[in-house]
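Please work from the sequences and hints to get the whole structure.
As a plain string of letters, each chain reads:
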Amino acid sequence: MFRRLPDPAAIVTFDFEGATFDACEGDSVAAALLANGVLAFRTTPVSGTPRGPWCLIGECHECLVEIDGEPNRQACMIEVRADMRVRRQHGARMVAGWREE
Amino acid sequence: MRCDGYDVVVIGAGLVGGAIACGLARAGQRVAVLDEEDAAYRASRGNFGLVWVQGKGVGRPEYARWSRASSERWFDLSEALVEDCGLAPCYARPGGVVPALSDDELSDLDSMLAGLGQAAGNAGYEYEILDRSRIRELLPACGPEVAGGTWTPYDGQANPLKLMRGLHASLVARGADYLSGARADGIQPLPGGGFTVRTARGAISGNKVVIAAGHGSKALGAMVGLDVPVHPEHGQILVTERVAPLLDHPTLNIRQTDEGSLLLGASQEDRGFDTSVLARTSRDIAHRAVRVFPCVAALRVVRTWGALRVMTPDGFPIYDQSKAHPGAFVFTCHSGVTLAANHALEASRWVIEGRIPEEMACFSTDRFDVSQAA
Ligand SMILES: Cc1cc2nc3c(=O)[nH]c(=O)nc-3n(C[C@H](O)[C@H](O)[C@H](O)COP(=O)(O)OP(=O)(O)OC[C@H]3O[C@@H](n4cnc5c(N)ncnc54)[C@H](O)[C@@H]3O)c2cc1C
Ligand code: FES
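Chains as they are written, first to last, in the numbering used here: chain A, 1 to 101; chain B, 1001 to 1374.
Misleading hints may appear alongside valid ones.
[Unchecked claim] Label-pair distances were calculated between CB atoms; the ranges are:
no., chain 1, residue 1, chain 2, residue 2, range
1, A, P50, B, R1165, 19 to 29 Å
2, A, G48, B, D1110, 55 to 65 Å
3, A, M77, B, G1315, 33 to 43 Å
[What the hints assert, rightly or not] These stretches of chain B come out as covered by chain A in the derived footprint (C-beta under 8 Å, 3 or more residues):
no., stretch
4, 1024 to 1030
5, 1062 to 1069
In short, the hints are calculated from the structure, not lab data. All residues carry an ideal CB built from backbone N, CA and C; glycine is no exception.
In structure tokens:
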């Protein structure tokens, strides 16, 4: 669906749900995933339907993924780094409540 | 659009004017609603979305009763909006909690609710004082600093943006004319009764006029002999990322929306007509939120904004009809979400009947008249 412009940037590799993907240095995580053919980044907390990036400028929160274990990150606002571990965001982030010992 | 011949011209289409106009249109009145542009001051699009009763009406039992009646009527308002336009404002009334961070705070809350209970007399006032363990049953996310809290069954929450949208869609569906970019600059009482309102989109006439223009009400009121002493009070709100259901009950300053965001609010500052956001205010709001619910510290804040409450000197609503020019009404309050159901389903009838009921006389502007108070 998306094709890269001829780009001299260096290649970095990262992990997406167990698969190793190539990205160009300077890519956002969203751009890197789109270039690798991933269109659905998350499922919504409200209806569970799949969603992918829409605005690509940090406004719409459609591009949420889990990065290095941290949920609800905006893939379009974060630069991909070598060996990053990226997963889809499934539904709402779970928050651990407070427990008194 | 008609150029004249309206039964009622409503000035202002925030939650107050929108609700009144919706009620009027539902009752078959021919209504024009005048509103400003997108960039206007509009508390209705910057509020916290609580339908809140707990603690309201200290020193004014009529206000306690009025707020409580509206939280009851809200179910009917929801139904009416769904019927008119299919838009549900997501009202839920699971009862609300005020958490206390010290025993002193808790005993202050306790005596306030005891006083309200007493003032309620036969109508009763159901509430519960929550000890450390009981509040954790209702809200397990409470942190170790929470000493207890209070609960009443009357408190709830809605989605205020969906409410606003629903009121507008409903009044249009019921045949009212909604005119944006039609700021009212003058109200001319006509010799034989009725009014002509001068707007950027031409003159519009009606038998009656309702001033529900938020901060614009002061200037408009003066044109028909009503003194409307409202002033802006700045409130700031932080919104977190959406998370799985965490809070089953709204609290006075922290609630979870139907879509999962946490709203953290709401400051009270005197900053004139300034809606900007201050970092130190955000810090104070976040700080208190984390003391109540420590897990909030892990959440990202995705939005923050400031908005201006439409405040009266004593904090109670103003409902009045001009003595000099009968047929000219003013409606304003600082809890337009809570009172939306009353405004749509009850107060709109006062306009049609041309009379504000006796038991509502305590909300007239007469109370600010120093010569009367003396
Ligand atoms: C931070 C904050 C939190 C709040 N939280 C809650 C809450 O949890 N629960 C609750 O019940 N309430 C809450 N409120 C209060 C609630 O938002 C207001 O009571 C309500 O929105 C007031 O509605 P309004 O229609 O009177 O005023 P506004 O929303 O200010 O609307 C006034 C309208 O009149 C129009 N207007 C002004 N002048 C003219 C003119 N000359 N001609 C034509 N149109 C004109 C404006 O364009 C605007 O559309 C909160 C408010 C704030 C600021
Ligand atoms: S795509 Fe809109 S915020 Fe990332």
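Checked hints:
Take P50(A) and R1165(B): their Cβ atoms lie about 26 Å apart, and the range 19 to 29 Å holds. Distance hint check for G48(A) and D1110(B): the Cβ-Cβ separation is about 43 Å, which falls outside the suggested range of 55 to 65 Å. Look at M77(A) against G1315(B): about 42 Å separates their beta carbons, and that is inside 33 to 43 Å. Remark: the stretch 1024 to 1030 of chain B is not confirmed as covered by chain A, as 0 of its residues place a Cβ nearer than 8 Å to a Cβ of that chain, below the required three.
Counting residues of the stretch 1062 to 1069 of chain B whose C-beta sits closer than 8 Å to any C-beta of chain A gives 0, which falls short of three, so the coverage hint is violated.
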